[in-house]
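Novice: Protein chains in written order, with this note's numbering: chain Z, 30 to 269; chain R, 10 to 250.
Hints listed in this document are in silico derivations from the structure and should not be mistaken for laboratory results. Every residue gets a Cβ at the ideal spot worked out from N, C-alpha and C, and that includes glycine. One should not assume that every hint holds.
Okay, the calculated beta carbon distance ranges per label pair [what the hints assert, rightly or not]: (1) R:61 x Z:255: 19 to 29 Å; (2) R:186 x Z:70: 29 to 39 Å; (3) R:54 x Z:256: 42 to 52 Å.
Listed here are the chains, written in short residue letters.
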Amino acid sequence: MQQLSYFELVGFGPNGWGWALLMATGMTIAVATCGFLAGAVVGTFVAWGKIGGNAPVRWLADGYTTVLRGIPDLLVIYLFYFGGSAALGAIGSLFGAEGFIGVPAFVTGALAIGIVSGAYQAEVFRGAYQVVSRGELEAARSVGMHRWLMFRRIIAPQVLRYAIPGLGNTWQLVLKESALISVTGLVELLRQSQVAAGSTRRPFDFYITAAILYLLITWVSTYLFQRAETYSMRGMRRAS
Amino acid sequence: MDLAFMQEAFLRLIAGVPLTLNLAFTSIAFGAVLAMLLALMRMSSFKVFNWPAQAYVFVFRGTPLLVQIFLIYYGLGQFRPTLQEFGLWGFFREPYWCAVLALTMNTGAYGSEVIRGGLQAVPYNQVEAARACGMSGFLLFRRIIFPIAVRQALPAYGSEIILMVKATSLASVITMMEVTGLAAKMISQTFRAVEVFIVAGVIYLVLNFIITRIIMAIEWWLSPHLRRAPAVEPRLEAAHV
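With the rest of the complex left out, here is chain R (with noise of 0.2 Å):
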């Protein structure tokens, strides 16, 4: 194991972190609004808003990442006149918007089904005692079934996030000079593989577990209900009056 060449590799590896978060939070911001939205596309009665939603799902979780990144980056090129056209071209000529497209489109399958999931775990008496207090529509939304959900949904959305940040490798094939893609031009120039390998690894756990201390720490902060009640010291002499 030599020393200095991973230090090495660990120097050029870091230049390419910025870029990794960049994609990881830019798609997962439009995702979580894309997802948003198909989740109460699903939930509603209306099949002209269900079906397309469920199909949505079915067709992005059922289809490899790298092939809905090559179907938009390559794909759409030719449709090059077309886009032209319609002044989109500048758009799908660039591989970062053509990745951040990808991944959000990818991610907001797979967050709706989360956020279902927590949108139909908010119990329906809550939703009665709003609704006994006058609450309605938006409001009863906002106030009551939002918050509960999203306290629900978190953790599994915590995965989906760690998720996104391993998915942005993929944005390496299409010429994204992120760690791996940094990686993998390293290991092709110096045929170090394993080293190369630990280095990037190590600096993706990293990135992954500050990502989920900061996940805990919101869930920590979203559930006071849940955490013990500070230690009262009892008052005795009250039980003898």
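The shape of chain Z in the complex, shown without the other chains (with noise of 0.2 Å):
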């Protein structure tokens, strides 16, 4: 058999993984995303809890940064994985069902993804909070305004628009991470150019084309947030 050229191994032709690997990077961006919007969500209320909360909610607040950022995240996607399906089989078997139920890949993913970068997330709204200004916070509240009306019209605008390069690092945290859902299973780019080196046998080819994939969205995500934060500031005075 003659060997396949490098392109014709990962174009789209009859024997091209090209299309295989593009829906990869697809599901890579997705379980990225969506594990990213989850650790939004986590972050902000651990945020809300370290700023606001009493004692026990500040420690255990503070608790979960620390333990999160202190254990490698391979671990934490052991744990859901692994056990996720262990809870849903207790679960299941409370209504009679038998044997081992699977959690979807992607939903493990993701959850792990989020609970991760919830902690990252966490620290950088905490910081962006603080350069709010607490007379802004006196004029809203001097004009009537309830929690979740300041939050929404006065705290989360300001907020996001001092977060964006700290969103923009945990960004790139996220997407390097979602690479490690690989080991449950999920067809994500590494898990695709596994598939792809084994049935081949042409493991650097796969692998190469995999982080110059991995360059691209970094690169195209690294653009997007500059010009996100240009747009952000846009009505800003900045010294210098």
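Each chain sits in its own coordinate frame; assemble them with the hints.
Specialist: This is the structure:
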């Protein structure tokens, strides 16, 4: 059998893996985005707990960020993958279902990423909140805004503005972390490359392609975050 | 919560700690040298040095570590005959050396940015003062720039070390049985994810706590000028003379 050239191998021809790799890239982006959004929700609540909570809540929130940033992400993914199935199995047996119930790998992955990146995002949000001027909060309260209205109108827009650079860094982390989800069998970019490498015996070609695709996503998202930063700062006067 | 089981898990997982620390410290030691080199290259005004360093950092920070590990361990297997010809196959056949190489190259990229930050933060008047005393070139670097840069970069380098300890867990994917590897094996044997997770998590937290303390101690030792001076009783009688 004749060796396929690199471009035939990763191209879109009859023997090419191009479409599969492209779909897998889409999956990587999808799982990373869902995880990132889940992390934003978790991070918001944890940051709230850190800023406005009473002592036990603050202690819990601090413990959460310390623990999640101190243990390997892979361990968290294993916990969700195996632990989630075990929990579902236990719930299922209550209703009479037998045997092993698998949690969809996408859900496990997005949740695990969300839980880990929530810890990082909480710190980003907390830092950004501290930049919001106290006077604006007092002014909002003085015109009679309630908590939720104040959060929606005054706090959230400003925190988001200051948080964009930090969120960009977290997004890069999340994107790289999504490669770890491949251990659960979700067919994202790295997993698809493994499959292709296994069936063609050309591991280097596929892993280098995966690396290039990851670089491409990183590059585009860095650009987008920069655009977002400039846009969010359009009304601000800056020093220098 | 089954304490007897957790004790058993602890005894099994603690056996992975030496390998975790071994991987982390070997790659940090090599990685620090690489990082220093890359930082100097990036700060050089010659494009021949500057450009490759910039590209290296971009590539290694922009791709997942797991992809780098796979690329080295599985990917290079594609060139086995060539590697055998050069006598390098013995190196790339071993998962341990592949993991060390990948971790070293990765931390080199991240560390170089930290060191570059430290070098750039050296106040220029210090350099001027040193030149005024007649120091230049390597002597200036060794006595003035390097010590100040290290002191400034140490806190950020500390978090890079913690990240590396966490990153060693990825070596478990290429069959290295360090703490995470042992934990994954134990979970798949017993299906008691929560207990094993708690034990492994505690091991990592304790390791990271100890490392943070050591780095804080080094920081304290390196910055005597920031410590409060020992209290000296003022000699009041002198004022009345």
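Novice: Hint by hint, which ones does the structure fall short of?
Specialist: When the structure is compared with the hints, only number 3 turns out to be violated.
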